[in-house]
Each structure stands twice: as structure tokens, then as C-alpha cells.
Amino acid sequence: MATHPEDSGAETDSGLSQAAFYVAADGVDRASPGEFPFTRGIRAEGYRKRLWTMRQYAGFGGAEQTNERFRYLLDAGQTGLSVAFDLPTQMGYDSDDPIAAGEVGRVGVAIDSLADMELLFKGIPLDKVTTSMTINAPAAILLLMYELAAKQQGIGANELGGTIQNDILKEYAARGTYIFPPRPSMRLTTDIFAYCNEYMPRWNTISISGYHMREAGATAVQEVAFTLANGIAYVQAALDAGLQVDEFALRLSFFFNVGNDFFEEVAKFRAARTLWAGVMRDRFGAHDPRSQSLRFHAQTSGATLAAQQPLNNVARVTLQALAAVLGGTQSLHTNAYDEALALPSEQAAEIALRTQQVIAYESGVARSTDPLGGSYLVESLTERLAREALALMARVDELGGAIAAIEQGFYQEQIQDSAYSQQQRIESATSTVVGVNRFTETSQPDVEVLRVGAELEAEQVRRVRAIRSSRDSQHVAALIAAVTEAARGEANLLPPLREALAAYVTVGEVCNALRQVFGAYRPASVL
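Residue numbers (our numbering): 131 to 657.
You can trust all of the hints, since none of them are fake.
Restricting the straight-line Cα-Cα distance to at most 25 angstroms, the calculated cross-link-like pairs of lysine-lysine (DSS-like) are:
| no. | residue 1 | residue 2 |
| --- | --- | --- |
| 1 | K252 | K281 |
| 2 | K281 | K258 |
| 3 | K179 | K258 |
Rather than coming from a laboratory, the hints here were simulated on the basis of the structure.
Kindly produce the complete structure, drawing on both the sequences and the hints.
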């Protein structure tokens, strides 16, 4: 029988009272929500005072098109922005670089210079919304552009709230949008920590991401273990750079995938919070509870979406979103049903957002913190996930830590083996995927997909060339040279980068300057 410390006044639809949280009558619960090790959530009140942030990921074509989508989603009730950048931007190339041909604006918005960033957020008050940016290798560049765009609106850096992904280690392990080798990339990451600590105190300086490793085929255990091992590497790098743990750790955040195995996913989030609290307190000596708390964004799994019978994806996304909420996420993106076919259409994006809103306002799951706490199944899965993830983290430590493990191909080999096993199960129908390997007899109506036309790329190329032709070439050359010189030294790189970007030096120009010093990463083959 469960008891609760106080009746909070919340009621079910039938008028039954509901408490903020429940504990076992025999006192076996080790901690309540909001208490170390935060297994049951980082806040005792859960979503009762504030719902999770509904942060739909969006970006395509040029800045104007994405600005329109942002405004549409905000009007529809979205509570935070999340920016998808195109591949050239993610890889540090301008839109008119030959290597970018055919990719401009395809999987996200093209950002070449500060002029694009200003247009992207035109008419959106950046002191009133929080923004997440999925950017890694050039994270410092896009963060500074965001700060400069806000300055154009008269908004100070200390007023800005949001997150940059800035998790370069998982790029080498799973995703592949890296530019520089791991060690200079880690320098950029810790430079961001230090810069934000001084100038942008409300900004989350990293979103340590398991999402992409899970999309590449990692199991839930591997997702937790490798993500937290990467987190350990970032914390250690920051300490080695002279930062104090309780100065930067409270701005760390995480990003997890949400798969279809409902109860395992709920348990995964609870296990991750438990393990991270122990790491921060016992390994790094963090005293501030905020430094020990694992705050995370969740996104439903793109890899589970099927191109066959795509409307079935609405059900998949709903179950995944519910698991994220019951697992205690701080923000959530729900994928659109058509994403196995193309970028989300406007209608599909709205349905994805409405899915979150139905869960938030109609299901009643937000009335109590950790509603599944005390479930024999969930508690058992939480304990087993934590135990197995901890053992895998110990193997990473034995290899010399996350960077050494990635350089040796350990992450990559583990994930590839899991992905292969998973694909075998699907192809043999040992694992059922509705509409793909079973229940394929019927079809669904064709889905109209969003297409990014070639004219958008041509316009973006014209825009970046016009920016270059309008600048003082000698001044720009001096600013680029200053970036190169700073990269050769040890001082924080962000101040010279900021000065260059404010003069409309482009993403490609800055990244090329850094490539001259850091080199470009070339992965070794993993057999």
C-alpha cells in the first residue's frame, strides 16, 4: 500500500484526490522525488507547477522559411524553439562551397553568416523564448551568432536561455558531423563552458547526447553508459581547464532517445538520473544538488518510424512521448509521422505538437511525480539498467576514458554489433514492426511530403556571396588571421570568434581558419 506525505488538492476526472508523489507504506523507498539520487525526478513537484517544455525541432531551406515555421509552431502553442541546421552548416562549409552542392537547406536551415541568424529569429523576442540548437563541431560559432542576433534586438547575453548540443564525442561514435580531431574539439567545448559561465549564465552549455547513438543501433544500456561516460569526459576536461565543478556542472544537460519498449524507456531515464547523481557527488565532489541532477531533453525515435503505412507512426510517437513524460523529461520533441519520408510537413508538425498537448492536458499523467515509482517491473528494470550501464562505464574507464575508447573504436564496435543484431531480428520477424514485417496486407493513403526546391539553394548562394562582397576585405582578413593565431595559443577562442562573426565573417571562413591549425578528422575503419 502506498502512502503520500500530503494531499495536494489535485483530483482525477472522477474527483479522487491525488498527491504530488507517493511512497511505500513500509518505508522501503530510499528517497522521494527531488532528493538525491533523483531516481524519482529532480523536482518534488514534477510537472504540477510547470509542464515540460514542448520544443519541436524545425529547420529547412533558408532562414526565412524556417522563421515562418517557428512562428507557426509558436502560434500553435509550442513553448520553446529547437533549430535543425543543414549539413553544410554542421560541417563548417558555406552554401557556395562545391562540397555543399545539393545539400543546402535539405535537412535543416542554412546559416552562413550573422545575416542569416538575424533573419532566422526576426520578430521573435529572444528574451521571451528558450532556444535549443542542434550543432556540435561549429557550436561556438552558432552560439555567438545567436548572442549577436539578440544584441541586434537589444537583448543582453545574460538574458538568453537555451541550449547548444555541443557534444562532439558522440559525433565520432555515431553521427559523423565532426570537423576537427577530438582533442582540439574538446578545447572548443570547454572554452564554451568558460565563456558562458562569464557572459551567458542562463545558457545550457552542452546537451550530452545519447540520442544519436541509439539511432545508430545502441541498446538502452549502451545509450546510458556511453552518454554518461562522455559526460564524465566533459566534466574532467572542464576541471583540467581550471573550472570549478559547481560553477559549470549545473548548466550541463542531456539528450536521450525514446524507443518503443515502453517500460524499459521509463526505467532508462530513472537509471540515468541515479547514476549521474552518484558520479557527480562521489567522483567529482559536486556539492550543489543542481550539479548532481541530470536534466534532459527527450526526442521520440526517428529510427522506429516506418515509411510503410506512415500514419502508424502517430501511435508510435504517442507511446514514446508518454514514456518520456513518465520518465521525467524536462523538454520533449515529438517526431512527425512523415519523417521517414521527408522533412515534416506543416500539418504533420502540428499533429506532433498536439500529441504532447493531449498528453499534458487530457491524460492526467502530470498530476503526480514519478507515477510508476513503486511498480515492481519498473523498479526492477531501473535497478538492472543501472547495474549493467555502470559495468559498461567501468569498461570505458579501463580503456582510458571516453576519448580513448572512441579512438580505439570501442563505442563504434559495440553499437555496430547491437545494430546488426537488431536488424536481424526485424528481417527474421522475431521482432514485429507493424506494417513492415507483419500486418502488411492493407495500405494507407499517400502522404504529401515537404520538398525543398533547388531555388532555395540558389538564393542562399546568392545571399552569402552578396555578404562577402559588401565587407571590408582587409578588415575581414585581419579578423580571420586573429582567429588562426588564437587557435595556435591557449586562450579562450570565443572572443576572437565573436569579433569576426560580428563583422559577418562566414561559418566556412572561420572553420577553414581553425582547420589550418587543428586539422580535419579522418576516422579509422572499424571492422
